[in-house]
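Q: Chains G and F, in that order, are what the protein sequence lines are.
Counting in the numbering used here, the first sequence runs from 1 upward without gaps.
Counting in the numbering used here, the second sequence runs from 1 upward without gaps.
A couple of the hints might just be wrong.
Dumping the calculated DSS-like pairs for lysine-lysine here, alpha-carbon to alpha-carbon at most 25 Å [as the list claims (entries may be wrong)]:
hint, chain 1, residue 1, chain 2, residue 2
1, F, Lys114, F, Lys67
2, F, Lys183, F, Lys393
3, G, Lys283, G, Lys305
4, F, Lys270, F, Lys333
5, F, Lys183, F, Lys271
6, F, Lys393, G, Lys215
7, F, Lys185, F, Lys333
8, F, Lys333, G, Lys283
9, F, Lys393, G, Lys283
One side only, chain G facing chain F, incomplete, derived with CB under 10 Å [claimed, not checked]:
hint, residue
10, Lys231
11, Leu238
12, Ala244
13, Leu272
14, Met292
15, Phe294
For the record, the hints were derived by calculation from the structure and aren't laboratory data.
Using N, Cα and C, we set each Cβ at its ideal position, and we do this for glycine too.
Given next are the chains, with one letter for each unit.
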Amino acid sequence: MDFQLSEDQRDLATGVREFCEGRFDRDRMRDLVDKNRVPGMVDRALWTELAETGFFSLRVPEAEGGVGLGSAEAVLVYEEAGRVLLPGPLVATHLAASLGGDLGAGAASGELIVGVVDAEDSPILVEHLDVLDVLLVLDEDGIRRVAPSSVSGTAVKNPVDPFTPLHHVEALPEGTRVGDADTAARFRREGAVLTAAVQLGIAGRLTELATQYAKEREQFGRVIGGFQAVKHLCAEMLVRTEIARAAVYSAAVTLDDPVVGDLAVAVPAAKLMADDAATRNGKDATQVHGGMGFTWEVDVHLYLKRAWVHATQFGGAEENEEALAATL
Amino acid sequence: MDLRYTEAEERFRAELRAWLDEALPKLPPKPDRNDWPGRRAYDTTWQRMLFDAGYAGLHWPVEAGGKGATPTEHLIYLEESERAGAPYVGANFVGLLHAGPTINAAGSDEQRRKYLPGILSGEDVWCQGFSEPGAGSDLASLRCRAVRDGDEYVINGSKIWTSHAEVADYCEMLVRTDPDAPKHKGITWLIVPMDTPGITIRPLETVMGTSEFAEVFFDDVRVPVGNRVGEENDGWRVTMVTLSFERGTAFVSEVVACQKLLHDLAELAKKVTRRQATAWDDVALRRELGHLTAEFEALWALTKWNVSEASRSGVPGIGGSVFKLRFSETKQKVYDLAHRLLDRAALCVEDVAGLPSGHLMDERLSSLSYTIAAGTSQIQRNIVGERILGLPKER
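If we strip away everything but chain G, and leave its shape as in the complex, we get (with noise of 0.2 Å):
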């Protein structure tokens, strides 16, 4: 047993931060959110160079022209997404490309956008609707297949999250079955940790955010990171994040090796602790920022933000809870 990282996966997660930071630094998310807002708020120009850099062909085999690495790598690779809040439905169209022919293959080039939308949902909130190429339904036979022009909805005119657009729709279109019962399971179990990972990216940034700023700002003659009241937050944002790495990390290498754990378990703890990291170190930092962390201009409140739109994708607290609760 050696649950650390590789060193090609430390080589991996530090290549995909150059990236990441190198092609969507603040200046250009604060642009994209304050100026340049963009259909479905995703520039396709930035998608093709995901694309390019493996983002969606991470886990194609080779010998279909993917990256063929696992979940253990892509965690890693999806972790950096979130610290820098990478927009757009990269998880849905990272699972699209798993599903072979024109589609797997058009979602691995990064030529299609996918997206993804769960039948069972109430209200049912289609996200980036106005950039997609395809949008998946996950019902209870499986996935089918609906063109985005097809679906009538209502844009909301007020989405929580500025960097994700919402429809909300009535009714969703009949579309074509591209997937069955067990394809539908495997997406929300990847979906599920792949997001957590966003969410882990997420929760580490915010720690980094609260803790830089709680050793620049001074009141009462000295730095406020110094009095322990404002330590501790900090102190506990770490410990949350961390908590989520190990059940994010573990969940991934159970995907890849089913036999070293329990899927019915690792799964949806990984999905709660990420979400509970990222949205508690949302409050947290928020908090540690004080009236600075109540204003737009602190990056802040757009993670936040962020991690409670993730928090209701591919299973949510009640949801995981009581799958988790089943098992015992």
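Here the structure of chain G is known, so what remains is to put chain F in place on it, guided by the hints.
A: The following block gives chain F in isolation, referenced to the frame of chain G:
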């Protein structure tokens, strides 16, 4: 990242399992909680069985008489022992996990020869004299004095929270040898035989009504200078060396025990009836059980993470405080839940109406100490904030 155990590790696990199966039925019945001589005999009998089977001092270096096992083998040992219901270290705790490793790392050859074999075989029981009524979280402010008088140190003062004091053979002690030096620089590490004249032991009653700890008073207690480990006034550093033996395995048994407990509580919830339904039909209680299952899945993963880090680097990671913080608070939550589940039966620290309230409430009361013992949660948060995040000290 690899969670698969190697063939050698699996073999170690299989052999250990087979031995536990055979050995455990030979153990005498568990003694009463307040029967200290009985507890000592029980714990040391088990230690002797481990010793004879070649499992004593698994994590100790070979030159100290141990097995030099890897942190992963130690993890497997603790996991399997707990699953099989084997006793925990108990009275051997200080000797095996603290005094022994310290003497091995910082003691003389003579001290190693004299003290280590008795710890491994279960012959000698050690206790710890570190904390004082005036020195808790701020341990380095300790005031128990030792004054050099020829070839002896003369000790005066008191120690507190000493487990097993009544039945211990030796005490590992921190004493103040230079009251004028800065507080970390005037401390010395001593071995004190507990039968030395001038030692008085007064049991300390806990919230459970038991005497889990004692206060120990030292009145002109004389020990030879040869009982000093390390240099005079260098005791703080000697103590810190010991902390570096922690290899991520400190809470393995307890995590395994908590996972088992969650299953037991779920079973109980399915049986207990409340008004028209079972407690399991209470969504809030059921979801809390689910949430705690996730917490322990994560803590188990973090254990493997920390153990793997220690295996790679040979030194403990900084993860210990992170783990301890979350573990101690989560374990308290498990007993909060048990309390809720018992409802009014929680008013009885004994079994009532067929419910296991005796054991659960005893542990529930005991759980109040988790966030205090071995570094309070507040101190742990300072450590995380200052040593990991680099925030300044509060001054």
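Q: State for each hint whether it applies.
A: Evaluation of the provided hints:
no.: 1; hint: F/Lys114 / F/Lys67; verdict: holds, 19 Å
no.: 2; hint: F/Lys183 / F/Lys393; verdict: holds, 17 Å
no.: 3; hint: G/Lys283 / G/Lys305; verdict: holds, 10 Å
no.: 4; hint: F/Lys270 / F/Lys333; verdict: holds, 19 Å
no.: 5; hint: F/Lys183 / F/Lys271; verdict: violated, 57 Å
no.: 6; hint: F/Lys393 / G/Lys215; verdict: holds, 11 Å
no.: 7; hint: F/Lys185 / F/Lys333; verdict: violated, 40 Å
no.: 8; hint: F/Lys333 / G/Lys283; verdict: holds, 22 Å
no.: 9; hint: F/Lys393 / G/Lys283; verdict: holds, 24 Å
no.: 10; hint: Lys231; verdict: holds, 4 Å
no.: 11; hint: Leu238; verdict: holds, 6 Å
no.: 12; hint: Ala244; verdict: holds, 7 Å
no.: 13; hint: Leu272; verdict: holds, 4 Å
no.: 14; hint: Met292; verdict: violated, 18 Å
no.: 15; hint: Phe294; verdict: violated, 23 Å
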